[in-house]
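Peer 1: Based on these hints, arrange chain B on the given structure of chain A.
Each chain is listed here by its residues.
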Amino acid sequence: MKINIAHVAKLANLSIDKSEETKFESQLANVLGYIERLNEVDTTGVEETSQVTGLENVTRDDKPDASLPQDVALSQAKNTHNHLFAVKGIFADE
Amino acid sequence: MNNLTIKETREKLANKEVSSVELTKEFLARIQQNNDQLNAFLTVTEEQALQDAKKADERIAQGESTPMLGIPIAHKDLYQTKGIRTTAGSKVLENYEAQYDGTVVAKLKTAGAVLVGKTNLDAWAHGSSGENSDFGPAKNPYHTDYVPGGSSSGSPVSVAAELCLAASGTDTGGSIRLPASFCNVVGLKPTYGRVSRYGVISMASSLDSIGHFTKTVEDNALYLQITAGKDPMDATTPPVAVPDYTQNISQGVKGLKIGVPKEYFVEGLDPKVKEIIEKALKWYESAGAELVDVSLPHTSYAIEVYYIIQTAEVSSNLARYDGIRYGNDRSFFGDEAKRRIMLGTYVLSAGYYDAYYKKAMQVRTLLKRDFEEAFKKVDVMITPASPTLPWKLGEKTDDPLSMYLSDVFTVHANLVGVPGLSVPAGFVETLPVGMQILGPHFSEDKLYQVGYAFEQANPVWEKRPIL
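If you read the protein sequences in the order shown, they are chains A and B.
In this text, residue positions in the first sequence follow this note's numbering: the first is 2, and each later residue adds one.
In this text, residue positions in the second sequence follow this note's numbering: the first is 4, and each later residue adds one.
Bound-form chain A, shown alone:
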């Protein structure tokens, strides 16, 4: 089983060059070949586990609380504009 590296990289917003593509393809095929052993296990009727200590529906009181001040939240951004995060335009002509 091979992973289509170019496709998966696009989904994950990673830029991968050609030489990396070959390397990752063979390394991940190796790992994937290994994890396919799971097919040996009969899981008919077995429920899935995503939480191990039995907690359910954890909520907090609906009370507003202090959060990071704006200047602190922005302090690590490379590009800001009018006290906001600056991002690239979504439409090509902007």
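Source of the hints: derived by calculation from the structure; they are not laboratory data.
Glycine residues also receive a C-beta, built at the ideal position from the N, C-alpha and C atoms.
The reader is advised that the hints may include incorrect statements.
Some chain A residues flagged as far from chain B (calculated, every beta-carbon gap over 12 Å) [what the hints assert, rightly or not]: (1) 25; (2) 51; (3) 89.
Derived pair list, reagent style DSS-like, types lysine-lysine, alpha-carbon separation capped at 27 Å [unchecked claim]: (4) B:466 <-> B:380; (5) B:341 <-> A:11; (6) A:19 <-> B:341; (7) B:380 <-> A:3; (8) B:94 <-> A:89; (9) B:399 <-> B:94; (10) B:58 <-> B:94; (11) B:341 <-> A:64; (12) B:10 <-> B:341; (13) A:64 <-> B:233; (14) A:79 <-> B:449; (15) A:89 <-> B:10; (16) B:10 <-> A:19.
Peer 2: Same frame as chain A, now just chain B:
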């Protein structure tokens, strides 16, 4: 300084034999002297440490004597420390300064512990050897050509080499227990949710456990006493009462049932490691414990389940690093992060979700049942922490699969959420071997009791590296 524990240091501080400032200066000098060789620290917080030590001395002078007051510690560089560079071992966060303290960082600060620096790690905590750090690998202090284990690599090195008295770590698939074993220190992976994950950079959120390294078992309990408990900032911390972790520590092991899971003593386990663990088991028997053969039948599938669930969660958690709000853009990710993001994206993608992710979550249920059945028969289980001795730097770096397999004895505990304690068990020539003590959810006090009994009779931890 030689083999100083937290417990002894607290007494010396209380008796005014030494001040926290003097102690901190001594540790800072040792870091200065040894860090070029060991690469344990990525950042040293000298100025802040001396200020905090001074404050601790003032509190001591007023008669305060809480367990971590004035004690020099280090944090794995995955812990957010306000105003201090926090890199996650990755070039993506090379210049990132944390904007707030994580819960554990804040708790230790309030308790008066003195932070001397941030320790090296595999980038994003992805790795078993420390070699995936974007800032060069930390070295094993017992043999600097060998790996210290990972992903928490600098923390156990800093404790073993006496560059601080305790250091934090994170354990998602063995990242505390394996390096503790490789560096002859005590490492705890607490029950999932026992210690808050808030403010620790996430790797795989359903597996991440927040623990720490110390020289001795009792020191380890003193530290957990500060960090354990429910936190409103982390919804996965259950409202389970925090016991006094040292209260029953010296009760011994007479009458305790210790399980020996047969799936952990199989081909692939280094015979020299096996010999040391079997010797430790014999000691427990001689001390009055009963050894019981148990079976965890799905063990051999744990690695597969782990590398599906973990990479799926990694791909989701690392999606936030886009270079907009903090850090550099995604081109700064190293190879291992890229591999895990891509594998995780793949197993979650349309058409493959059922075959991989759903299947893994089902087998996770079977792994959980294995443990539940075993703990009906025994109080704790003992296994090796690692199937092999520490390996040479560079030996596995080109073969991700063989690196992944080094977690074979540790990932099971993360998938089912149980606590594990790695305790120094012996040496093969110059290389340390640790044993893993596993217990049911929230049985950390029992693990300490079992570990302490062995350590008192077999003080393997006292053998410090020669630097």
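Peer 1: With the threshold set at 27 Å, check whether the alpha-carbon distance from residue 58 (chain B) to residue 94 (chain B) stays at or below it.
Peer 2: 34 Å, violated
Peer 1: Holds or violated: residue 64 (chain A) and residue 233 (chain B), Cα atoms, limit 27 Å.
Peer 2: OK: residue 64 (chain A) and residue 233 (chain B) at ~19 Å, within 27 Å.
Peer 1: According to the definition I'm using, a residue is off the interface if its beta carbon is farther than 12 Å from all beta carbons of the partner; does residue 25 (chain A) meet that for chain B?
Peer 2: Check fails; 6 Å does not lie beyond 12 Å.
Peer 1: Beyond 12 Å on every Cβ pair: is that true for residue 89 (chain A) relative to chain B?
Peer 2: 9 Å, violated
Peer 1: Under the criterion that the straight-line Cα-Cα distance not exceed 27 Å, is the pair residue 94 (chain B), residue 89 (chain A) satisfied?
Peer 2: 22 Å, holds
Peer 1: Would you check the hint for residue 341 (chain B) and residue 64 (chain A), treating anything up to 27 Å between C-alpha atoms as holding?
Peer 2: 39 Å, violated
Peer 1: Is it true that the CA of residue 89 (chain A) sits at most 27 Å from the CA of residue 10 (chain B)?
Peer 2: Violated, at roughly 55 Å.
Peer 1: Would the pair residue 399 (chain B) and residue 94 (chain B) pass a check requiring their Cα atoms to be no farther apart than 27 Å?
Peer 2: Distance of about 22 Å is within 27 Å: holds.
Peer 1: Holds or violated: residue 10 (chain B) and residue 19 (chain A), Cα atoms, limit 27 Å.
Peer 2: Violated. Residue 10 (chain B) to residue 19 (chain A) sits at ~56 Å, over the 27 Å cutoff.
Peer 1: If you draw a straight line from the CA of residue 19 (chain A) to the CA of residue 341 (chain B), is it 27 Å or shorter?
Peer 2: Status holds; Cα separation ~14 Å.
Peer 1: Quick one, are residue 341 (chain B) and residue 11 (chain A) close enough, alpha carbons at most 27 Å?
Peer 2: 12 Å, holds
Peer 1: Could you grab the alpha-carbon distance between residue 380 (chain B) and residue 3 (chain A) and see if it respects the 27 Å cut-off?
Peer 2: Violated, because 44 Å separates the two Cα atoms, which is more than 27 Å.
This entry does not satisfy hints 1, 2, 3, 4, 7, 10, 11, 12, 14, 15, 16, going by the numbered hints stated previously.
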